[in-house]
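Each protein sequence line maps, in turn, to chains A and B. Heads up, the first sequence is in numbering that gives the first Met the number 0, so the first residue is 0 and it goes up one at a time. Heads up, the second sequence is in numbering that gives the first Met the number 0, so the first residue is 0 and it goes up one at a time.
Honestly, the hints are just simulated from the structure, not real lab data. Mixed in with the good hints there might be a few duds.
Said to hold, decoys possible - Here are the computed lysine to any residue pairs in the SDA-like style, where the Cα-Cα straight-line distance is at most 20 Å:
| hint | chain 1 | residue 1 | chain 2 | residue 2 |
| --- | --- | --- | --- | --- |
| 1 | A | 106 | B | 287 |
| 2 | A | 98 | A | 66 |
| 3 | A | 209 | A | 174 |
| 4 | A | 71 | A | 28 |
| 5 | A | 193 | B | 285 |
| 6 | A | 28 | A | 193 |
| 7 | A | 71 | B | 286 |
| 8 | A | 28 | B | 285 |
| 9 | A | 54 | B | 293 |
| 10 | A | 83 | B | 287 |
| 11 | A | 106 | B | 286 |
| 12 | A | 98 | B | 157 |
| 13 | A | 103 | B | 139 |
| 14 | A | 71 | B | 289 |
| 15 | A | 275 | A | 36 |
| 16 | A | 71 | B | 293 |
Since this is a predicted model, take the numbers as computed values, not measurements.
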Amino acid sequence: MKKLLVSALIVIIGAALLIGCGGTGSSSKKIGLAISTLNNPFFVTLKEGAEAKAKELGYELVVTDAQDDPAKQAGQIDDLIQKKVAVILLNPCNSDAAKTMVEKAAKAKIPVISVDRGVNGATVLSHIASDNVAGGVMAGEELLAQVGPGAKVVELQGIPGASATVDRGTGFHKAVDGKLEIVASQPADFNRDKGFTVMQNIIQGNKDIKGVFAHNDEMALGAIQALEAAKLQSVVVIGFDATDDAVAAVKAGKMKATVAQKPALIGSMAVETAVKHLKGEKVEAVIPVPLELVK
Amino acid sequence: MKKKQLVISGQFSSLIGLLFLGIVLSFLSSSFLSLSNLMNILNQVSLNGLVAIGMTFVILSGGIDLSVGSILALSGAVLAALLKTGMPDFLSMILALLLGTILGLANGVFISRFNLQPFIVSMAFMTMFRGATFVFTQGRPITGLGDKGIFVAAGRGELYGVPLSGIILLIGFAVTAFVLAKTVYGKGIYAIGGNPEAARLSGLPVKGLRTSVYGISGFFAAMAGIILTSRLDSAQPLAGQGYELDAIAAVVLGGTSLSGGRGFMVGTVIGAFIIGVLNNGLNLLEVSSFYQQIVKGAVILLAVLLDRRK
């Protein structure tokens, strides 16, 4: 009985194999989107933006979620390659670990577009991410308008060397150098606790500061707490990222402004770029996505 | 003898499950049964499969090892650091395997010498080893490992189109299946898992055997760590998180009893492939990742339910 069952199953698998090989239909209308994690609202919005654009342009979007595990993402990229998607939009869990995935896709002649985070050590068709430099300029100009030329301000930097730190800092300095007096530029590692302690230390020697620009909202919120503790509520604080906490602080009048990324636009521009490439048009190697000021 | 037949029939049902899954998927997705996708599955199964090999020893002995994911991460990170110092790749890999074995033995010593609960001990070490990985890597991936031949081959190499990691896995399965079934050591593992008191009375070195299975588990976790580090060309501080659960699932899907003493390595092979095929198939079928988790949990539940009815 068991033998019969096994042989029956083998026959069925054989038949399925034949059918499977017959159906090698074109998948050129499929675009893969490998997301780092859908546990973060930012990426959920990004995905929705991409889905809407794909639908509009008549393409099918295949979405995978690596739950921030690069090993899982590597497997998902392999699966997308098996599905023969026309383009892979890759939002890496980790820029370094993504290298071998891009190489594998290249072997299968599938172009990769990196989304939000870049890929180190391998060339992608195009990189689509927020224009952090422009965001830094926006924040700097707003701070300048709020505190007036010549005022003393503080810059709280992100993790030293991180691309967001470098780009946001560059933009900020472009906007305010020579116009505002930056009395302190110190790293607080994108961290609220550190934003609090670093700000507390800065305040000791600089009671007359008028404004703060933090490279992200977490540090800005930490700085606000330090300023409140020192009864310096009038200091203008500008953050970056427009997290829920920060937007609430802006509404409550505690934070002056925060720079918002546009994840939906990032997603939709990624799909648009992929389709452009499929239609044989040339695409830029780096495509910056604009930001907006929430105040 | 009757007991053995029971276990074999448990494996038979998981094999049927795997075949059934394969048939359904090959009808639903045209790319499922292609040769390249089958190799892809083998490649993807290799990590969980290797960890599950070690886990089979531990579970057969009546224990559990939750620290495998952290051991994987720490050995991978140390391997990456050694490679960066310019040490030859083969030597670095041997040292990583040695480290994994020692970390595993740490579990075993505490569990057998002090007669502590394996669940709690390995959970404590899981946390400590993960913390050590963070300290060692400073919370950032270690990159720039160079492209030394053997190291690159471990996770990215192919032999006649078959991924090398898959070949390592199959060799691992074959060797350990032989050890469990045919050697005195293997019979000892079954004995201490089935009835530790009887094993002790019959003169088996129960403590030594119990310690050793965690060493084996650590060894295979480190092996998976090497392959993952090569595959991602970097060591990730968060690597291997949740791998202990996938490995336990593979062992249980293969019909091995969680209370120890009953089960076969062949079952673990099948269990690992069921999970791998399921993951791959659900991705090919474009099932949303949220639903995938529900499906995976349901399959495990179904498997233990079917197993219990016999």
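Hints, verified against the model:
1. Restraint check: the Cα-Cα separation between residue 106 of chain A and residue 287 of chain B comes to about 27 Å, which exceeds 20 Å; the hinted pair is violated.
2. Distance hint between residue 98 of chain A and residue 66 of chain A is fulfilled; the C-alpha atoms sit about 18 Å from each other, no more than 20 Å.
3. About 17 Å separates the Cα atoms of residue 209 of chain A and residue 174 of chain A, which keeps this hinted pair within 20 Å; it holds.
4. The straight-line distance between the Cα atoms of residue 71 of chain A and residue 28 of chain A is roughly 25 Å, outside the 20 Å bound, and the hint therefore fails.
5. For the hint linking residue 193 of chain A to residue 285 of chain B, the alpha-carbon distance of about 42 Å lies beyond 20 Å, and the restraint is violated.
6. A C-alpha spacing of about 48 Å is found between residue 28 of chain A and residue 193 of chain A, which places the hinted pair above 20 Å, so the restraint is violated.
7. For the hint linking residue 71 of chain A to residue 286 of chain B, the alpha-carbon distance of about 15 Å falls within 20 Å, and the restraint holds.
8. Simply put, residue 28 of chain A and residue 285 of chain B have alpha-carbon atoms about 14 Å apart, close enough for the 20 Å limit, and the pair holds.
9. For the given pair, residue 54 of chain A sits about 27 Å from residue 293 of chain B by alpha-carbon distance, which is inconsistent with the 20 Å threshold.
10. At most 20 Å may separate the alpha-carbon atoms for a hinted pair to count; residue 83 of chain A and residue 287 of chain B meet this at roughly 18 Å.
11. For the hint linking residue 106 of chain A to residue 286 of chain B, the alpha-carbon distance of about 26 Å lies beyond 20 Å, and the restraint is violated.
12. Only pairs whose Cα atoms come within 20 Å are accepted, and residue 98 of chain A paired with residue 157 of chain B is accepted, the gap being roughly 18 Å.
13. For the proposed pair residue 103 of chain A and residue 139 of chain B, the alpha carbon gap of about 24 Å is over 20 Å, so the pair is violated.
14. Between the alpha carbons of residue 71 of chain A and residue 289 of chain B the distance comes to roughly 14 Å, so the proposed pair stays at or under 20 Å and holds.
15. Restraint check: the Cα-Cα separation between residue 275 of chain A and residue 36 of chain A comes to about 26 Å, which exceeds 20 Å; the hinted pair is violated.
16. Taking the CA atoms of residue 71 of chain A and residue 293 of chain B, the gap is about 17 Å. The hint holds against a cut of 20 Å.
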